[in-house]
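Protein chains: 2
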Amino acid sequence: MPKGVPETVPDDGLTTRQRRNRPLLMVHTGENKGKSTAAFGLGLRGWNQGWNVAVFQFVKSAKWKVGEEAAYVALGKLHEETGAGGPVQWNKMGDGWSWSRKKGEDEDHAQVARDGWEEIKRRMLAEEHDLYILDEFAYPVKWGWIDAAEVADFLKNRPGHQHVVITGRNVAPEIIEVADLVTEMTKIKHPMDAGQKGQRGIEW
Amino acid sequence: MPKGVPETVPDDGLTTRQRRNRPLLMVHTGENKGKSTAAFGLGLRGWNQGWNVAVFQFVKSAKWKVGEEAAYVALGKLHEETGAGGPVQWNKMGDGWSWSRKKGEDEDHAQVARDGWEEIKRRMLAEEHDLYILDEFAYPVKWGWIDAAEVADFLKNRPGHQHVVITGRNVAPEIIEVADLVTEMTKIKHPMDAGQKGQRGIEW
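So the sequences go chain by chain: A and B. All the letters of the first sequence, read from the start, carry residue numbers 1 to 204 under our numbering. All the letters of the second sequence, read from the start, carry residue numbers 205 to 408 under our numbering.
Be careful, since some hints might not be right.
Stated by the list, open to error - DSSO-like, lysine-lysine: derived pairs with alpha carbons at most 27 Å apart:
(1) A:156 <-> B:391
(2) A:189 <-> B:391
(3) B:360 <-> B:346
(4) B:281 <-> B:264
(5) A:142 <-> B:393
(6) A:187 <-> B:281
(7) B:325 <-> A:189
(8) B:393 <-> B:360
(9) A:189 <-> B:393
(10) A:121 <-> B:393
(11) A:142 <-> A:156
(12) A:187 <-> B:393
(13) A:77 <-> A:65
(14) B:393 <-> A:156
(15) A:121 <-> A:65
(16) A:60 <-> A:77
(17) A:77 <-> B:281
(18) A:77 <-> B:391
(19) A:142 <-> B:391
(20) B:401 <-> B:360
(21) A:189 <-> A:142
(22) B:360 <-> A:197
(23) A:187 <-> B:346
(24) A:189 <-> A:65
(25) B:264 <-> B:346
As the list claims (entries may be wrong) - Chain A stretches covered by chain B per the calculated footprint, using a threshold of three residues with CB under 8 Å from any CB of chain B:
(26) 42 to 49
(27) 139 to 147
(28) 170 to 177
Worth flagging that the hints you see were computed from the coordinates, not collected in a lab. A virtual CB, placed ideally from N, CA and C, is assigned to each residue, including glycine.
Based on the provided sequences and hints, a complete structural model is requested.
If you want it as structure tokens, here you go:
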């Protein structure tokens, strides 16, 4: 991928340096594979730049563990031990976030998802991370657990220099509206159409 | 992403186990970001399964180094030292592959690209890796340096149990035809449309 050169330069009063370094809100949506894997691949770039990277995985099962989690934990440990790359934190919703007392108590997933968003807002206001990967975050918004307009408004006005990636199908139009980059992973062919089941190393 | 359940099961005489474990040829194409990052993200899943993962990056500049390369090298080293994950090898075309004597001699990129494909075929016949990431491989095929029909035929008949991912815009129809999974990264919005330049940690 070549380093990009813009076709037009907007009259926004920003210097090239300011414009280059503007924090991005990125969305990976669409029906096919690659939404989360591309987000986690992007996190490797951030890690290599020494960024503080945090994943918030909005999946309901605590047992659901993708290979990326193990790799990220390994890279985070490597950073702690040798200083290579940047710090990495992997947070998973499951039946409750690790920081939450509500863990496993009543399995109110809507409330747990809202707790996740509140924590993300708190951290963004404190500018704790350089890159936030909000994996599968589209779903709690789609299901009405978290208000799309509030998310869009907050992210649009987040302070400092914090990149954000949101993944999931059917990302709310309010969020698409304020995003800088939106990629749709479009299905051209999928092995499950041919009766193939998900397999380790590929699906998780 | 939930573990997939197929809608229909083909009458191909395979057991569920055989079908589940069938090796995949995956293609990431389309005009937007995410093709390579999703491939490298997938490699993390393979690494975590203990797979032998090899990247062949068909980019012309040896200077072009993405963050994923550093992360993969770190994960490969971690595997060697602690046994975590699987072995990882990152090969870059540049002015010549590391195994090639032609390195930097005449800058005949077409020949260097063909050398890369010959090496990949040799390794596939020897079943050396579990996952091959042929990054930006669409281009030498598009430019006619490597024959699309030959690639498709070889990959279709590759022995054993070897997964393959090919990335790049305008993947040849012959390759699409034999692929199991094809995802198009469709551009909905891109920050360069707003005059933003590529930035570190995001584009590389």
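**Report entry** Hinted pair residue 142 of chain A and residue 393 of chain B, Cα distance within 27 Å
**Finding:** holds, 21 Å
Query raised in the report: Keeping to a limit of 27 Å between CA atoms, is the pair of residue 187 of chain A and residue 346 of chain B held or broken?
Result: holds, 22 Å
Query raised in the report: Taken at face value, is the distance from the CA of residue 393 of chain B to the CA of residue 121 of chain A at most 27 Å?
Result: holds, 25 Å
Query - Cβ contact check, 8 Å cutoff: the region 170 to 177 of chain A against chain B, three residues minimum - result: violated (count 1)
Query raised in the report: Is residue 189 of chain A close enough to residue 142 of chain A, meaning Cα to Cα at most 27 Å?
Result: Cα-Cα ~26 Å, so holds.
Requested in this report: For the pair we were handed, residue 393 of chain B and residue 156 of chain A, check the Cα-Cα distance against 27 Å.
Outcome: OK: residue 393 of chain B and residue 156 of chain A at ~16 Å, within 27 Å.
Requested in this report: Can you take a look at whether the region 139 to 147 of chain A is actually covered by chain B? Rule is 3+ residues, C-beta closer than 8 Å.
Outcome: Since three or more residues must qualify, the claim that chain B covers the region 139 to 147 of chain A is violated, with 0 doing so at under 8 Å.
Requested in this report: Below or equal to 27 Å on CA atoms is what counts here, so check residue 142 of chain A against residue 391 of chain B.
Outcome: Holds - the C-alpha atoms of residue 391 of chain B and residue 142 of chain A are around 22 Å apart, at most 27 Å.
Query raised in the report: Regarding the pair residue 187 of chain A and residue 393 of chain B, is the alpha-carbon distance no greater than 27 Å?
Result: Roughly 18 Å separates the two Cα atoms, so the pair holds.
Query raised in the report: When you check the alpha-carbon spacing of residue 264 of chain B and residue 346 of chain B, does it fall within 27 Å?
Result: The hint holds at about 15 Å.
Query raised in the report: Holds or violated: are the alpha carbons of residue 360 of chain B and residue 197 of chain A at most 27 Å from each other?
Result: Judged against 27 Å, a Cα distance of about 19 Å means the pair holds.
Query raised in the report: residue 189 of chain A and residue 393 of chain B: Cα distance at most 27 Å?
Result: holds, 23 Å
Checked against the numbered hints given earlier, the structure breaks hints 6, 8, 18, 20, 27 and 28 and satisfies all the rest.
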